[in-house]
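Chemist: Just so you know, the protein sequences line up as chains Y and D, in that order. Residue numbers for the first sequence follow my numbering, so the first one is 1 and each next one is one higher. Residue numbers for the second sequence follow my numbering, so the first one is 1001 and each next one is one higher.
Keep in mind that the hints are not guaranteed to be accurate.
Stated by the list, open to error - The following label-pair restraints were derived from C-beta to C-beta distances:
1. A227/Y - V1095/D: 21 to 31 Å
2. K1064/D - E154/Y: 21 to 31 Å
3. E107/Y - I1020/D: 46 to 56 Å
Keep in mind that the hints were calculated from the coordinates and are not lab data. Don't be surprised by glycine CBs; every beta carbon is placed ideally from N, CA and C.
Take a look at the letters that make up each chain.
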Amino acid sequence: MSRRGFLGMAAAALGGVMLAPGIRLIEVAQAAAPSAGANPAARWGLLIDVNQCAEGCNACVKACNAENGLDPAPTRTSAQWIRIVQVKETKTNRAAQLPVMCQHCAEPPCVDVCPTGASFKRADGIVLVDRHSCIGCRYCMMACPYKARSFVHENLSDQKPDVPRGKGCVESCTLCVHRIDRGERVTACAEACARAGHHAILFGDLNDPDSEIARRVREIGSTALRADLKLRTAVRYLGL
Amino acid sequence: MVFVALPAVAGEGRTPHPVIEKARAGTQCVEPPEVMRRQHMSFLKHQRDDTVHGGIRGAKHSLKGCVDCHAGEQTGSVARAPGDFCSSCHQYAAVKIDCFECHASKPEKLAQKGAGR
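Isolated chain D, as found in the complex (with noise of 0.2 Å):
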């Protein structure tokens, strides 16, 4: 059982599928992960918008909102780690991810007590 925990890949064949880290417990995604793994890029192109320009905050598709149930256990990150949440699957898609370049990639409180490092 511990040789199959262990390696950062999972399923059959030829291409190492990319194992998910768990959501926080006790959290419940806004949209059922099949939606979400094919639509939240655009979902949150549209919401971003509507914040930036129109100030509208707190509406369901937020970054914050994914990165609040989504940080890592072992980094606190949605995208520092290779194993990360965001990464894994970016990684396996060979999709470049942009949005932690300016948004926190970490919860509220991890951010404020890992600033700067």
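This is chain Y alone, in the form it adopts within the complex (with noise of 0.2 Å):
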């Protein structure tokens, strides 16, 4: 054991009240054991009930942009993490709309085509871009059958520490993994959406049984965009 494990250990056992001389408490909190990293048991996963999606309303856009530092006021070469998607079914007449946003393939095809493996899939199921490695080819893009991921054009600047990106790179719907990283379990859009009062969008892992999105998901059923193209989406509707 390193010496600092060992010293956050005995701060942690003796109640944080008798602190070696010269060993301040900022430095015991520095020393806090890394979190655990992606469960490979969980599926992380949104539900969106297109019954409860309320028409012109677009609080998740809103809030996905504020946590992630997008663009506020967005122009056309935005980036853009959700789109509100018009549908009506002609011979109904039924309209509705809905969130649309990278739907996290089990088998995604962004990861398919991406020639540097920046595009990839984390254990838990996240599909994301690493942006490290990008070089922004916008494969992917191409690839993706819901136009889920953006090219950043432009530099930026006064990024969120927790959600780094730039220019030159290629980004989508991260599911939030800073805060799932972080042990929360909602989403800004899905916490947008029960502020704005329609509890649309419901936040879970698909894996566990006991989850609300399981429960909801096996009772109630739910249908993936495009289920005919079989890539096993993580991002579930209702009322289609």
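Can you join these two chains into the complex? Each is in its own frame, and there are hints to help.
Modeler: Take a look at the structure:
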């Protein structure tokens, strides 16, 4: 065990009361063990109830932009992680809107086509871009059947410390991975949707039979967008 | 004494040495300074893969950790002005620093306050 780890444990054992001379509280705080990392048993996903998604509402998009430091007043070339899509059944005239983001496929086409391995799937099923190896070729944007990815065209400044992003890379919804790694169990979009009173977006672990999302998917059912592609998406829709 | 303190260069000889700003008081670096000066890039590169691909956060060699203690008094950043912690050495060594084209160069609180600037 390292000296730092030992001191950290010793301090924890003493309830932080007796710190060795010269060891300040801040050092002990820094010595906290790193998080366990992506849980391979989990499968994080969203269940979006289209019937609850209120017409004209874009609270999820705004919350996503704020959480991830995206352009608060998006232009045509701004990166966009959630889109609101309007749909209409021509035979019955039923109209609805739904948010579409990265669907976090179990078999993601973006990962298949990436020439550098920058596009990858984490152990817990979250599909991400490693911007350290992204060369900005945009093959993944072509491959994605959901048009979920954006390219950053311009220099950025004042990014969020938790969400590094920059020019020349492709990016998309991360399922608020920084929150998940912190142990939080709600995405910014789901939180905003609930705050707006619609409760159309539910976040959870599809692999945990006791979770609300797994229960609803099991009991009420759900559909995937472009289910014919058999990508086994983690973002599921109700009422489409 | 004022004359000694004012110039942004120190040391003897033809090449002025960089003046490295002190870290925030009451903080302790994760490695000795001489190790950090030689190895910080390797530490960061090693840990970034664990974090991005493995989701392991809060290990000791984190860029966020560097920024939290080393952000400059004046700019609140490690790389905004030439005299800031990272830029001062990188300019001296003529090594272009790409980290802060994507990563925030300010600690969490300051980054939020300064957003949009």
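Chemist: Are any of the numbered hints broken by this structure? If so, which, sorted upward?
Modeler: 1
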